[in-house]
Amino acid sequence: MSQAIVRTLALAGVVALAAPAAVRAEGEVTFGGQAWTQTAREALYQQYRDLPRGGFLESFILREWNGTTGVTLFGANGLKDDQSTSLRAAFGSRLRFDVDYGQIPHLFSLVARSPYSEIAPGVLSLPDTLQRTNQENPGAYVSTMRDLLNSAPGAQLDFRTDVTTARVRSRPAAGWQVEARGTRRMRSGTKPYGMAFGFSNVVEVVEPIDQEMLDGDVIGSYEKGRVRVQADLGASSFENRVNALRVDNPRRSTDRVGGDGPQTGQTDLYPDNQVMRGSVALGLQLPRRTAVSATVGVSEHRQDDDWLPYTINTAILQPDTFPLPAASADAKATILNGDLRLVSRPVEHFTGTLRVNHYKYDNKTTESTFAGQVPIDVSWTVGPFENHAFGHQRTSFGADLDYDVGTRAGVGVTLERNQREHTLREVEKDAENVYGGRVRVRPRDGVVLDGSYRRGDRKLDEFKLEDYEDAAGQLVEQAGLRRYDVADRKRDDATVGVSWLIGDRIEASARYGLLRNDYDDSPLGLQEEKQQTVTTEATLAVNERVNLSGGYGYGLANTDQASRESSGAVLVQSDTTNWGVELEDETVFVFLQADWQASEKLSLSAGYTFSRSDAVYDLSNFKNTAQDLPSVFSRLHDLHLEARYRMMDRYELAARYFFEEYDVTDFANEDVPLLSPVTGSANAVYLGDELQDYRAHRVALLATYRFP
Amino acid sequence: MKRSVVFTASFLLLSLYSLVTARAPASQQAPTEVGSEACKPCHETYYTSFMAGAHGRREEAARNGCESCHGPGSLHAGASGDETDPGFATIRNPKKLPPEEVASTCRQCHSGGEQFYWDQSRHARERVTCTNCHSIHGAASAQAKAKLLSKPDGVQVCLQCHRDKRAKLARTAHMPLREGAMDCSDCHNPHGTAGPTALRAASVNELCETCHADKRGPFTWEHAPVRENCLNCHDPHGSNNDKVLAGKRPYLCQRCHIATRHPSTLYDRPDLTANRLLNRSCTNCHSQIHGSNHPSGKTFLR
Chain A
1 MSQAIVRTLA LAGVVALAAP AAVRAEGEVT FGGQAWTQTA REALYQQYRD
51 LPRGGFLESF ILREWNGTTG VTLFGANGLK DDQSTSLRAA FGSRLRFDVD
101 YGQIPHLFSL VARSPYSEIA PGVLSLPDTL QRTNQENPGA YVSTMRDLLN
151 SAPGAQLDFR TDVTTARVRS RPAAGWQVEA RGTRRMRSGT KPYGMAFGFS
201 NVVEVVEPID QEMLDGDVIG SYEKGRVRVQ ADLGASSFEN RVNALRVDNP
251 RRSTDRVGGD GPQTGQTDLY PDNQVMRGSV ALGLQLPRRT AVSATVGVSE
301 HRQDDDWLPY TINTAILQPD TFPLPAASAD AKATILNGDL RLVSRPVEHF
351 TGTLRVNHYK YDNKTTESTF AGQVPIDVSW TVGPFENHAF GHQRTSFGAD
401 LDYDVGTRAG VGVTLERNQR EHTLREVEKD AENVYGGRVR VRPRDGVVLD
451 GSYRRGDRKL DEFKLEDYED AAGQLVEQAG LRRYDVADRK RDDATVGVSW
501 LIGDRIEASA RYGLLRNDYD DSPLGLQEEK QQTVTTEATL AVNERVNLSG
551 GYGYGLANTD QASRESSGAV LVQSDTTNWG VELEDETVFV FLQADWQASE
601 KLSLSAGYTF SRSDAVYDLS NFKNTAQDLP SVFSRLHDLH LEARYRMMDR
651 YELAARYFFE EYDVTDFANE DVPLLSPVTG SANAVYLGDE LQDYRAHRVA
701 LLATYRFP
Chain B
1 MKRSVVFTAS FLLLSLYSLV TARAPASQQA PTEVGSEACK PCHETYYTSF
51 MAGAHGRREE AARNGCESCH GPGSLHAGAS GDETDPGFAT IRNPKKLPPE
101 EVASTCRQCH SGGEQFYWDQ SRHARERVTC TNCHSIHGAA SAQAKAKLLS
151 KPDGVQVCLQ CHRDKRAKLA RTAHMPLREG AMDCSDCHNP HGTAGPTALR
201 AASVNELCET CHADKRGPFT WEHAPVRENC LNCHDPHGSN NDKVLAGKRP
251 YLCQRCHIAT RHPSTLYDRP DLTANRLLNR SCTNCHSQIH GSNHPSGKTF
301 LR
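Top line first, the protein sequences correspond to chains A and B. For reference, each letter of the first sequence is one residue, going 1 to 708 in our numbering. For reference, each letter of the second sequence is one residue, going 1 to 302 in our numbering.
Hints listed in this document are in silico derivations from the structure and should not be mistaken for laboratory results. Keep in mind that the hints are not guaranteed to be accurate.
To be verified - List time: in silico SDA-like cross-link candidates among lysine to any residue, alpha-carbon distance up to 20 Å:
hint, chain 1, residue 1, chain 2, residue 2
1, B, Lys-165, A, Val-534
2, B, Lys-215, A, Gly-189
3, B, Lys-165, A, Val-163
4, B, Lys-151, A, Ser-549
5, B, Lys-298, A, Ser-170
6, B, Lys-215, A, Phe-322
7, B, Lys-151, A, Gly-189
8, B, Lys-243, A, Gly-189
9, B, Lys-215, A, Val-163
10, A, Lys-360, B, Asn-93
11, B, Lys-165, A, Asp-493
12, B, Lys-147, A, Asp-493
13, B, Lys-147, B, Lys-215
14, B, Lys-215, A, Ser-549
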């Protein structure tokens, strides 16, 4: 909080210093007080915002200028966790200076609890006595842990990203523009993290976050006549100040091999990495209303964090017995991208576009051979295991032709070919041909009809079954599985829309969209996904003082996937263990808005939003024993009312009321116990950061003061 | 009498001639610049907001004022509001111009940086133009002033046409656009880019990794579809699943992983308390699903 105050004051100071001597100034500040209640402490209500209680500064804007020199300072949610402050200083059109500071909160839960203490950054500890008790008396694990968890303290589960951006833009001479910009993102807080010590010993803990991302770019452009050139040189770095997470195993106070595992486990958290990048772009205006742009970019990604040991379980002999193949990953990748586009309008009513886009992620990470692994710090799994430097590239060729048929209609066609390569995947090459058309008709003034359709047909070049085999040549994955990101696919993408302006007062529109991916050559895996949406909107200007608007949206997503159970070590390829899931996810969305300028001084507005989602899981299997899962349901009502009263020229008062109601039914994220299952032998310790139904009421009184 | 008729007729003819000759050069002559003050009497609201706005304070714009975009206004001003006067229509009114001409007016100044790829952009091809999103004379709100937007914020501008996204943003799992902490233009440049779907990066992953640099790697152990495209698993515009996932776990994971042992198991109603279905499902254990740098991280458990 104190840092935020300092930053805000510093910006205000800069403004004051930069303000020209003989100035004109204007501004506006809105402040007030707010109170709110919530029936359950559900975090969703404040997921990305910090709702104030008591006094607050909602927004402000201060502008000072003298001729062509001006400074603007504006911001919102002053001194709260979602505050933003911006400074714009312009010295004519030759020099411009912008600074932005914003905070983005992300609240996960207000009801989570954890028995762990963070005794050092990333080191999560349990009382030794607890571990010893559980080790010595495993039969009492459930009762011991239940007692502990019931008295566990609340756990903070939220993080905040503070983003500071500074930008200087200069136009030093005719045709020249140079821009330098830098961004610093600081992320700190916590989030849930799952740590496994075995299939029946999963522990969810609070992961500390302390990260810094820095980005800097210098962009220069020059324009003369029909030629434009632009170059960009930049760098980026990510630093994680918590490199590893060490978590005590609740079941053990001493290390052992196998069984319940070690006293403490360790995992690696996101490694530091760096990027250098550059690009050059050329734009040309050619005769016959033809424009060409060509861009080439290259970037180098590096990551060389030291490897942690295979395990910190001292019962597993290492590192002398199992040395690591190297000290660090020596991971690097080069990205090369290029784009070429030509747009031409050689004759009236005709537009043609040719485009080529290429992107290559060349992963040059050293491939190392590991003698084995200790995946959950419990026991050594004999290797060798080799890491793979997955890379990929895609090249897209496209042509678009558009023709205006008179002034009331237009038609267009698109042809596209997308070629991809995937390094070290079961499919290393595929290609998709896309054919599309669109039409737009204006049968009468105020009425527009439009539609489009695209058909894509993606075919893989060769399927490599050996990619599904282990080192001994045994199949470990079903031969019939085709992963949807590289499988043969037929795609239909269609839209139809109408918009209608009825007189001067009514505007209405409706739109339907369909996206269907059909993987009909995949015996196992995703078979089909289909998304349909209908949206309608209308606005009605009842008179000069009253405006009404509203909309309705309906979405339906269906997926169908096929699978096969093979529970043993050796793969079973038999139809008798086949199973499948058909998922239907329905969404309804409604919004209404009414604005009434009741008098010159009084205005009223009301808004209502409703959204509902309902997902149905239809499970089936060959033996006809599959039992469907419960539906997942959520519903949100959101109402706000506002009255504004203008007092004199400079003052305005506002009163607001907000109502929000959220209902949820979710088998995975609702009623999450701290120890699970609640009966029988426990297999997991959770944070209990569950979703909850809630109802919230919020009232606010605000005043706005404008000057001069 | 005869002389008076001749005289009168001659007078009228001469008068008519003088009138015609007096008007003819006026309608044929090119309009000239008269300065913004000439606009003020009839268009005071526009004049005031324009001059107080970003454009009015720029050197070039301030010098030529309204005529920077509307063209020389001498004949329009000379018509004094008379729409039948041929001079009235000599002013350039962007509302009546083809989209390309509106854009070319703005691109006299805005041709580099953000607007470098405008000519090649999909918006330009689909005849969207600057004034569909920007209100040159004054923004719709104090917050929209920095970009002279025609709606209170950037999201509202985009939703004018991209209406399917409004419903997606209303879903439980969404990025902070509803709350105003993000804007469509944080990820997309509506003026066009060299990347796909007007992204502000050459690929989806490079864009996402701008903020999520912890997922950038490269990692010792890569998850191939993650490395290739975040959209294989996430729907950034909104989803009914946790973490804006495109499907609910474990079935999302089981679209690709049905290997021997537990990945291929059918998790149904009797398994509701299993740690492979409850809470974060597969990622209860496979926490490093975006990639691992741990020597024992092959299956993203560490």
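Comparing the hints with the structure gives:
For the given pair, Lys-165 of chain B sits about 11 Å from Val-534 of chain A by alpha-carbon distance, which is consistent with the 20 Å threshold. Our distance criterion of 20 Å between C-alpha atoms is met by Lys-215 of chain B and Gly-189 of chain A, whose separation comes to about 17 Å. Proximity of Lys-165 of chain B to Val-163 of chain A is assessed by CA-CA distance (about 26 Å); at most 20 Å being required, the pair is judged violated. The straight-line distance between the Cα atoms of Lys-151 of chain B and Ser-549 of chain A is roughly 15 Å, inside the 20 Å bound, and the hint therefore holds.
Proposed proximity of Lys-298 of chain B and Ser-170 of chain A is contradicted: the alpha carbons are some 49 Å apart, above 20 Å. Only pairs whose Cα atoms come within 20 Å are accepted, and Lys-215 of chain B paired with Phe-322 of chain A is rejected, the gap being roughly 29 Å. The suggested pairing of Lys-151 of chain B with Gly-189 of chain A is violated, with an alpha-carbon distance near 34 Å, which exceeds 20 Å. Proximity of Lys-243 of chain B to Gly-189 of chain A is assessed by CA-CA distance (about 18 Å); at most 20 Å being required, the pair is judged to hold.
The hinted pair formed by Lys-215 of chain B and Val-163 of chain A meets the criterion: a straight-line CA distance of about 18 Å does not exceed 20 Å. Taking the CA atoms of Lys-360 of chain A and Asn-93 of chain B, the gap is about 46 Å. The hint is violated against a cut of 20 Å. With a C-alpha separation of about 16 Å, the suggested pair Lys-165 of chain B and Asp-493 of chain A falls inside the 20 Å cut-off, and the hint holds. Between the alpha carbons of Lys-147 of chain B and Asp-493 of chain A the distance comes to roughly 33 Å, so the proposed pair goes past 20 Å and is violated.
Using a Cα cut-off of 20 Å, the hinted pair Lys-147 of chain B and Lys-215 of chain B is violated, with the two alpha carbons roughly 32 Å apart. As the CA atoms of Lys-215 of chain B and Ser-549 of chain A are separated by approximately 41 Å, the hinted pair breaks the 20 Å bound.
When the structure is compared with the earlier hints, violations turn up for hints 3, 5, 6, 7, 10, 12, 13 and 14 and for no others.
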